[in-house]
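Model the full structure from these sequences, guided by the hints.
Keeping their order, the protein sequence lines are chains A and B.
Taking the UniProt record's numbering, I'd label the letters of the first sequence as residues 1 to 747.
Taking the UniProt record's numbering, I'd label the letters of the second sequence as residues 1 to 295.
Hints listed in this document are in silico derivations from the structure and should not be mistaken for laboratory results.
Some hints here could point you the wrong way.
Using C-beta positions, here's what the derived DEER-type ranges look like [said to hold, decoys possible]:
no., chain 1, residue 1, chain 2, residue 2, range
1, A, Glu744, B, Val40, 52 to 60 Å
2, B, Asn107, A, Arg580, 51 to 59 Å
3, A, Glu744, B, Asn187, 12 to 20 Å
4, A, Arg184, B, Glu242, 33 to 41 Å
5, B, Asn187, A, Ala21, 47 to 55 Å
6, A, Glu121, B, Pro155, 53 to 61 Å
Just so you know, even glycine gets a beta-carbon here, dropped at the ideal spot from N, CA and C.
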Amino acid sequence: MSPVLGAALDRVDGRAKVTGAARYSGELNLPNLAHAVLVGARVPSGRIIGIDCRQASVADGVLTVLTHLDLPRVAARPKLFPSLFGLTAHGQSFFPMQDDVVHYAGQPVAMVVADTVERAEHAATLVQVNYAETPSVTLLDQGRDQTYEPAKIFGGLLPGRNPTRGDPEAGLRDAAVRLDVTYRFAANHQNPIEPSTTTAVWDDLDRLTLHDATQGPTATQLSVAELLGLPPTMVRVVSHYVGGSFGAKALIWAHPTLAALAARRVGRPVRLVLSREQMFHSCGHREEQEQRIGLGADRDGRLGALRHDKTSLTSHYDDWAETSLEAPAVMYAAATYAGGYRLARGNTITPTFTRGPGAATGMFALESAMDELAYEIGVDPLELRLRNHTDVDPSTGNPWSSKGLRECYQRGAELFGWSGRDPRPGARRDGDWLVGTGMASAAYPVAAPMNPQRARARMYADGSAVVEAGISEFGTGALTAMTQVAADGLGLPFDRVRFVGGTTDLPNIAAAVGSAGSGATSSAVHLASTGLRDQLVGQAVADARSPLHNADPAGIVVRDGRMCLRDSPQTGETYVELLRRNHMPDVEALGVWQPTPPDGGGHGMFTFGAQFAEVAVDADLGLVRVRRLVGVFAPGRVLNRRTAHSQLMGGMLWGLGQALLEATRMDPHTGRWANASLADYLVPVNADVPDITIDTIEVPDSVVNPLGVKGVGEIGIVGTSAAIANAVHHATGRRIRHLPITVEDLL
Amino acid sequence: MVLPRSEMEFLQPESWAEALAVRAAYPEALPVAGGTDVMVELNFARRRPPALLDLGRVAGLADWGTEDGLLRLGAGVPYRRIVTELAGRAPGLAMAARTIGSAQIRNRGTVGGNLGSASPAGDALPPLLAAGALVELASVRGVRRVPVAGFCTGPKRSMLAPDELIAAVLLPPDAGPEQFAKVGTRNAMVIAVCSFALALRPVSRTVGTGIGSAAPTPVRAAAAEELLVAELPWADRAALPEPLVRRFGELVAAAASPIDDVRGTAAYRRHALGVLAGRAVRRAWAEHRRGGVRG
Ligand SMILES: Cc1cc2nc3c(=O)[nH]c(=O)nc-3n(C[C@H](O)[C@H](O)[C@H](O)COP(=O)(O)OP(=O)(O)OC[C@H]3O[C@@H](n4cnc5c(N)ncnc54)[C@H](O)[C@@H]3O)c2cc1C
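Here is the structure:
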């Protein structure tokens, strides 16, 4: 591998982004553009008994007002399915404005289209809707007596109950030390800074182009085509820059299809932008939930049993739970295990992926419980983790594709200064502040798509190359990292390669979700680039006029666009010489990666890490301030150290938000979110960011994908909140078993 | 394009006299200084004034200096300049200014706007109360100076008459030790759960307080002030007796009339005010004992 792979290079799109040259979906100004604004249901449950659009219809600039009475019926009932798999990827099995039933507050009940966005917004306030409201369930507590165990969750892909190992009830009964604790989690919203936006344009040939803010252009294409009853060939999606997603744009919700229907109705391009408040009602969220953990251990803390049960709220039509049990189930060598999901139906949009889905909550529960166990038996929390470390995937007995967790613990403990920690809670004071430290393990599944992942590499006779795949850039640094992968594969200097994504015209790539984007895309890009390189090497070897004629291709290396013999580098020629001599304007290759099967062909595939936190708690005011975070992760190969660092840091700050700030509060009287704005839903700001140290352990992994990339998108959040809560306990002696932790918990 | 009928007029006087004339002629025009409250209200369609009266170009409104022996702070001085230029002369206000919003908000936002909004959570108001500041209101009819303590008459309501503009605030020239503290869920960009300001004036042996976000308007804690006036060991600058600190905290908490809301409960606000008050008096007294350069 050349040094370009992993180098901390500047973002190729950095300048365009900071100067505003980068165009986001909502910034596209098309001639004759009209604007659609949605009207959301004011009640969480019931029927629409009257809808009066007369005033709205005659308001200045209004082109049309659509309701369930006149919106065309969609061609198929959507079916919830995760976008990682490259198929249609609806966020929920429900499409609005097809009948008069209201399932949740904020559900679109009308859509106004006008010539300016202000006029559309104004007219939207004039639509009068009357409801016959029926009793609703919007809190987990209201649905608690009606819970059920779903047969399947996650779009039908996972069982509602994990495979049981051994006899965990006996394991718990016979354990010397037992713990049975319940942790509760507020609902969370993803809150990307760019709201979801779609601009829909129909052309003269009835082809639809959608400029959509999405994590998966193909997912938008296939999902909208299905709802409109069109072949995918008639739907094109453009999505170059996306202003963050965090799961909000991972699946396809109603708005792109509604924008397309509006554009067809008014015969003009239509832009639909969700308002900040609508972002809280329109693209799912992390569901309110509680998790019960049973641990059984011997006196030394070795786990004999782990029982992990989750109860959460889902919609009336989907069995969705974020997969909180998966990472905890394989974290430690517990001899026996049981775990399952229970759901309560409520008046909510189907919950969805949110920043480290599943693992962020599941590992909070497990790692808080492990800290409680460490105190119960009087063992250092890190030592307890090491005693339960497992070199095989305990759910199957298979080896890991790679692990590196021991190294993460060790490096993290060194960087943090963990050793010699005084375990006594509430024993360190610094002025008004009580100071404490805590740690937690992190684990996140390495997911892969199921369909082939493709990229195309084309080199021109001047030795420059363009590599293409249909990904969107939603802030991760993917364009930069993929340029590095391409330059490495082609043997070209970084600045001779351009990576292009952002439309469904390009070779198909699954949505970049579940931290799998860099693995999937880098695999296709690597195969396309090395495929093109091998093709050119093959051509040189076959070319009687090449200095490399008849050389063994295996003995040829390419550096800076020049092919030469590894053992006598003076023998060789450049790509340019080869192409010019043969009058070839360009050459092209397609790279196709058939992903590793979900079971890793007999391997457990997870990314691991270790988190450490120091907090200060104001003894009299209950305020928690995080002073230091240290995170060390083993994400396989790192493609760009700078962007990886940013991803991991962002993840750890999500964890800080999850621990101390983030909660979407439901008002059960209205059935609506009570704090649907960024002034009331607090995320960490710069002034909250502590001293953060991040390091990576680059474990080789030959199983997950060709370059051994396990992903850095979400592992950073996992365990952070537990490390912080454990540090709060160490500081104050108080064990807070719900998130977020508030001042009033600590008084 | 035909302008929609809802188009707003934008009035931009260049002088104070012109501003007052425009204000008198169009009392329905909404004054806008930094716009950090006004633009939020317009964006959320909470307000639809027929016209905006931009004060951004009015000469002299963003100046400060001394007048009649008082520190005169023009209504248009942004928080950023209060932090960098007035930390010595108006320490409590500068401390509060430092906690407001973000760098962008501090670049634009003004004390005049904070008064104009008259929010119980306005962070500039408690230190102005504590300092015993006056608000100068002007109109074509003339100029009046009112104590800041009476300026806010209710949540988002003030004494400002429809033809008046806020010209300046006036503070005592030689501030003694001052403190400001705010409890917020995060470290910046946060509406105060509650806040407290304290001003000690050792020369006159008087004390000022201001409580924010814990009553329908910012309020003083009069009984708490009287306690310190009577019982601080002014003469010998002796150490602060702990029971006095405690009693002071209790009286400050008692002066508030907080409510439960999404940011915090009434009980927490009362408790936190007691804590903030105790800390403020400890710090201010320690500063007085240390130096007293500011006598
Ligand atoms: C992101 C954000 C964070 C914020 N954080 C804080 C915070 O931490 N603490 C805090 O206290 N506030 C905060 N605010 C609110 C706001 O910044 C302050 O209230 C600020 O002082 C308003 O000043 P301005 O000059 O921007 O006022 P404007 O928005 O221009 O005006 C506010 C009101 O005052 C009136 N007005 C302004 N000047 C005059 C005048 N000379 N005469 C008469 N009336 C006048 C206007 O008509 C309007 O009613 C925040 C706002 C935002 C958007």
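Against the structure, the hints:
1. A:Glu744 to B:Val40: 52 to 60 Å: Violated, since glutamate 744 of chain A and valine 40 of chain B (Cβ atoms, about 28 Å apart) do not stay within the stated range.
2. B:Asn107 to A:Arg580: 51 to 59 Å: About 57 Å separates the Cβ atoms of asparagine 107 of chain B and arginine 580 of chain A, which means 51 to 59 Å holds.
3. A:Glu744 to B:Asn187: 12 to 20 Å: Holds, since glutamate 744 of chain A and asparagine 187 of chain B (Cβ atoms, about 19 Å apart) stay within the stated range.
4. A:Arg184 to B:Glu242: 33 to 41 Å: Hint holds: Cβ distance 39 Å, inside 33 to 41 Å.
5. B:Asn187 to A:Ala21: 47 to 55 Å: Since the Cβ atoms of asparagine 187 of chain B and alanine 21 of chain A sit about 33 Å apart, the hinted range of 47 to 55 Å is violated.
6. A:Glu121 to B:Pro155: 53 to 61 Å: For proline 155 of chain B against glutamate 121 of chain A, whose Cβ atoms are near 27 Å apart, the range 53 to 61 Å is violated.
In this structure, the earlier hints numbered 1, 5 and 6 are contradicted, and the remaining ones agree with it.
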